[in-house]
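We have chain C; now place chains Y, A and U onto it with these hints.
Chains as they are written, first to last, in this note's numbering: chain C, -12 to 314; chain Y, -12 to 314; chain A, -12 to 314; chain U, -12 to 314.
Since the hints were made in silico from the structure, they are not lab data. Bear in mind the structure is a predicted one, so any value in this text is a computation, not a measurement. Treat each hint with caution, since some may be false.
Copies of one chain are not kept apart here, so a pair can be met inside one copy or by any two copies together.
Heads up, simulated DMTMM-like pairs for lysine to aspartate or glutamate below, C-alpha to C-alpha not over 20 angstroms straight-line [to be verified]:
1. Lys231 x Asp138
2. Lys157 x Asp50
3. Lys231 x Asp185
4. Lys157 x Asp185
5. Lys231 x Glu249
6. Lys157 x Asp59
7. Lys73 x Asp138
8. Lys87 x Glu264
4 protein chains.
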Amino acid sequence: MRFALFGAGRAGTIHAHNIANHPHAELGYVFDIDRTAAQRLAAAFGGQVVPSQEDIWGADDVDAVLIASSTDTHVDLLQRAMRADKPTYCEKPIDLDIDKVRMVVAEAAQTDLPICIGFRRRFLPDFQRMRQSIQNGAVGRIETIHMIARDFEPPSLVYLNASGGFLRDKMIHYFDLVCWLADERPTEVYATGSCLIDPAIGQAGDIDTAMVTLRLSSGALCVIENSRRAIYGCDERIEVFGAKGMLQSRPTQTHQLVHFTEAGMAQSGFPESYGQESFAAALDAFIHAVEMGIAVSPSLQDGVQAQLIAEAAVESLQTNQPLTIPA
Amino acid sequence: MRFALFGAGRAGTIHAHNIANHPHAELGYVFDIDRTAAQRLAAAFGGQVVPSQEDIWGADDVDAVLIASSTDTHVDLLQRAMRADKPTYCEKPIDLDIDKVRMVVAEAAQTDLPICIGFRRRFLPDFQRMRQSIQNGAVGRIETIHMIARDFEPPSLVYLNASGGFLRDKMIHYFDLVCWLADERPTEVYATGSCLIDPAIGQAGDIDTAMVTLRLSSGALCVIENSRRAIYGCDERIEVFGAKGMLQSRPTQTHQLVHFTEAGMAQSGFPESYGQESFAAALDAFIHAVEMGIAVSPSLQDGVQAQLIAEAAVESLQTNQPLTIPA
Amino acid sequence: MRFALFGAGRAGTIHAHNIANHPHAELGYVFDIDRTAAQRLAAAFGGQVVPSQEDIWGADDVDAVLIASSTDTHVDLLQRAMRADKPTYCEKPIDLDIDKVRMVVAEAAQTDLPICIGFRRRFLPDFQRMRQSIQNGAVGRIETIHMIARDFEPPSLVYLNASGGFLRDKMIHYFDLVCWLADERPTEVYATGSCLIDPAIGQAGDIDTAMVTLRLSSGALCVIENSRRAIYGCDERIEVFGAKGMLQSRPTQTHQLVHFTEAGMAQSGFPESYGQESFAAALDAFIHAVEMGIAVSPSLQDGVQAQLIAEAAVESLQTNQPLTIPA
Amino acid sequence: MRFALFGAGRAGTIHAHNIANHPHAELGYVFDIDRTAAQRLAAAFGGQVVPSQEDIWGADDVDAVLIASSTDTHVDLLQRAMRADKPTYCEKPIDLDIDKVRMVVAEAAQTDLPICIGFRRRFLPDFQRMRQSIQNGAVGRIETIHMIARDFEPPSLVYLNASGGFLRDKMIHYFDLVCWLADERPTEVYATGSCLIDPAIGQAGDIDTAMVTLRLSSGALCVIENSRRAIYGCDERIEVFGAKGMLQSRPTQTHQLVHFTEAGMAQSGFPESYGQESFAAALDAFIHAVEMGIAVSPSLQDGVQAQLIAEAAVESLQTNQPLTIPA
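Isolated chain C (complex conformation) (with noise of 0.2 angstroms):
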């Protein structure tokens, strides 16, 4: 499968390493409004640099569309390769703006193209039995859910910038995890936020320390915590309990080397980040489904579903008001 990629930033050079290290995969073109970053990608992992995007949907040898350029550029892109007929694999979030959202869904529902939201969590093994596990009646009726999810270090006041706000950003990746993992839909989000480490971050408008309540159709109820920043470590964890039991994803420390001594017990190591071969197995998965011409995962209209509980949530950390999650 020759994969056209759109963007060669940090997501983009990780999905070109993945392309060039998949057996069923392989770099076809690369197109960046930084040349320099799209040469240095193609020097690295193949592919052609075009000048122009034109040159990508002039091409008769793309199989395949992968969007990892900036949020801004999501939609028309999408839109060119539905044009074109090629499966597509899309970074998160769509678009910032949801009717441009609700337009390109509606688009795509006029075609049966294989588009794909790259809600990588949903690969970890962890989170995978964890769903198993739900679906084979670990817990029973779930009723309530457990998420924290705090990175090592915030990003760049740049990337922030452009991030669409952390409940945009971040916390769109559990509210997928959460439909995902339930399988149903949240009906009513209440969201806080706090600018607690960074002044900063305050200042340009956004929070860094979120607490997100959802109640599912079931009336499960679920609660969500985001942080940038944890000083021990990446840390993300979930937990699902219900009628007959409780499931938990313990976080995965990088050393296991304990130490006793007269003050206790210690243990050195949470992780930077969590969850980055992710990325690989979310390509993989795509490149399997449109070899197989099965449903691709994320679908569109999950990247839909999580967008549209994350502006709810934007709206309620606004307005302080719980509000409804349109269907």
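Below, chains Y, A and U alone, put in the same frame as chain C:
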């Protein structure tokens, strides 16, 4: 210290046992409207059963009062104890009617009598150490707090019907713990709840699963989940996260035998209840404070604060609105 | 059951406390050559202090005998108890002279008197469950056993000098546990030891660190490490590994507060001692067995078996040779 | 660094993969008496397949030699490599005949050629950190060491028959780890073993379960358990205990999903193998040492030391006597 005990029910019996076993205390008088219960208790732990409360207020050999009778009697007994100038330990809550609570507090403000409210979880060693660690700077400035408290199984409907509801009966303990651990008051509450465990609880107008979000005056965010049933046993956990680290109080499992098989690793045994030993520790702290002439903890004022949060939470649950908590 | 207690030292005091608190038992008589110690104990837990042992053997209101006096008195007291036909609980070891042990066992074989030896670790709930699990097939055929037992700090030299040495004093407990858990006898022992903790222990002719290997009759292999000091607290662990799985008894830590910082995760608190509650459980099992007319455990025969292993281990240590353990 | 690789079996293939993926290395030549295997390997990882070893010794573009052929060829290849003046990485053991080992060591002592023996467990990050911590004083003076290493399942009988026996094949890794971690040599060994897993192993004259005790020169005591099968997965643990504390290397479990039910807590997933990544780390350390002109580790001398311990252990097992280990 000779105690007069009001109430020979479940809590009264535990207190009677602890008074009888305390080296500085003895049971002087016992009163309960169920005289058989009072006699049974006195037979086991000493003390004279009196037919009327007046026999107690008239006695000159009472050093302290312990109120473990039904909630609707608390305010009257507190007033009588204040007028009789007796140091008093009173089970929570003070009253289900916040106006009566305010009245009794105003009256107490005219005295310097030690009045202690039975938020006994403060006396669990793990939570004591957690607070000590927080005060020693172990987490730095607090950013988020997570509390999970799940009972092994729901209490009787009789109990539930008299309880004032889930938020006033159970969650109030954790409202107190938040104030005490963070040494800060919550300014806003948003409560959400469901009846997921037993429809009879819902028919009685109550919930059995609750998720409550608090915003503290510093901007720190807190979530408390309470459940009336956990099939794997009683489960209480607190996590406090801040700029310099995180503290977790981990649940004590009763058995420590670990079994490794083809299927993985298995360990049995969460307890059916948790923290019962805190009754004795709370009583001991009260006796010690009265003897030494130092402030009792939790004070009547602490009791009011937790109750104001609970009242706001109840209203938030009913109106589905976040509410400001009155100071 | 009225007990006559010999010995008002550390073990005697614990037993007196447990007798006084047992619903079916009371302390009838106390004898110790240190009469002040006997009186102090009787003042706390009841019982009549007698000036001579003969006062006990002549009394007609003694139902059972508890021997917690110094080791060199055990055999004589066991013989007197047998002749007086009194069910007896005797602290380990039976005697440091294996010939005297054999003699008293031969005499006991003529009676059916319940005689119990105080290998109280059998009564720790974790070890009880471990044995139950083994008998239920949890590990299949046993292949290896690992035991680690480290005290918080060494006992006094006075104690050590009268103890019969590390292998007879401490490791004998684990020899008994091996036989009891595996339900099988060791056929061969190899003992090695060092004095690494306190040179004074070495000067007294003893070791403070021991590693003993046992071969069981089935070919299963077992290793026991004992140490007189662990700076992080008392540490006792057992691991049983077999064809179908592994069981581990994990050390109970007293505190469960976990602290995550830049340096990793830290947890305080191993206890200074472990398993003290087993004294009461062992006494209760003895009382129950005598009342019900069922076999006591550990029996005198169990006591002999552990001691034969200990004697072989001592000789192995001295000669640096593996030795066959006599049946 | 152009490598000539001898041996295209399991270890050879792993090394070829790692050479091909190392930025400073490439595969120059491959030799195996099974030419098809050599060709298969070269097709995957590069390198020229030569029909005769002489083609390698005669080539002028070989920078280093990697010996992963069968054990009986090691000494000859080491001698050829020394005479050809090629830095060499040789899989353990050097030879099953200790006299041949001594001979090759004597010859090597005449050169300063870097010769590295493949005790790759030294390069596992947990063990690296453990050694660092020991050297930083984390446990003080070492008193005891416990090692447990259990494979998921036994290798083939073909492998076993050529292996030199359990102590020379598997336990030798842990003999090396003891020397390396404690930075001290063992002076005495006592080995005991059984065939408990597969009678065919016993019929082949080998054992599948071993318990070996070592006394170090300082008096510290060490026990190593090795087993050819653990039904719950591959299990490797090291515990080092000393005057100032204890270090434990805890086994990494592959999955971290924890399930709480009525029956307790369950967790799946020990791996089928452990530490495979150490092949690459060991190779990288060799390349780095040769490039920098620093001493390789583990050295040929380290290989001899582990083998002398293994030989003494074999003799101890056969004679059932503790034996002094020659220096």
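The hints, checked one at a time:
1. Lys231 x Asp138: Only across copies: Lys231 and Asp138 sit 14 angstroms apart there, 32 angstroms inside one copy, limit 20 angstroms.
2. Lys157 x Asp50: neither (30 angstroms within a copy, 50 angstroms between copies)
3. Lys231 x Asp185: between (42 angstroms within a copy, 14 angstroms between copies)
4. Lys157 x Asp185: Answer is within; shortest intra-copy Cα gap is 17 angstroms, inter-copy 36 angstroms.
5. Lys231 x Glu249: Cα proximity of Lys231 and Glu249: across copies only (8 angstroms, versus 40 angstroms in one copy).
6. Lys157 x Asp59: Within one copy, since 17 angstroms is at most 20 angstroms while 48 angstroms is not.
7. Lys73 x Asp138: Intra 34 angstroms, inter 48 angstroms, cutoff 20 angstroms: neither.
8. Lys87 x Glu264: Classified as neither; 31 angstroms inside a copy, 47 angstroms across copies.
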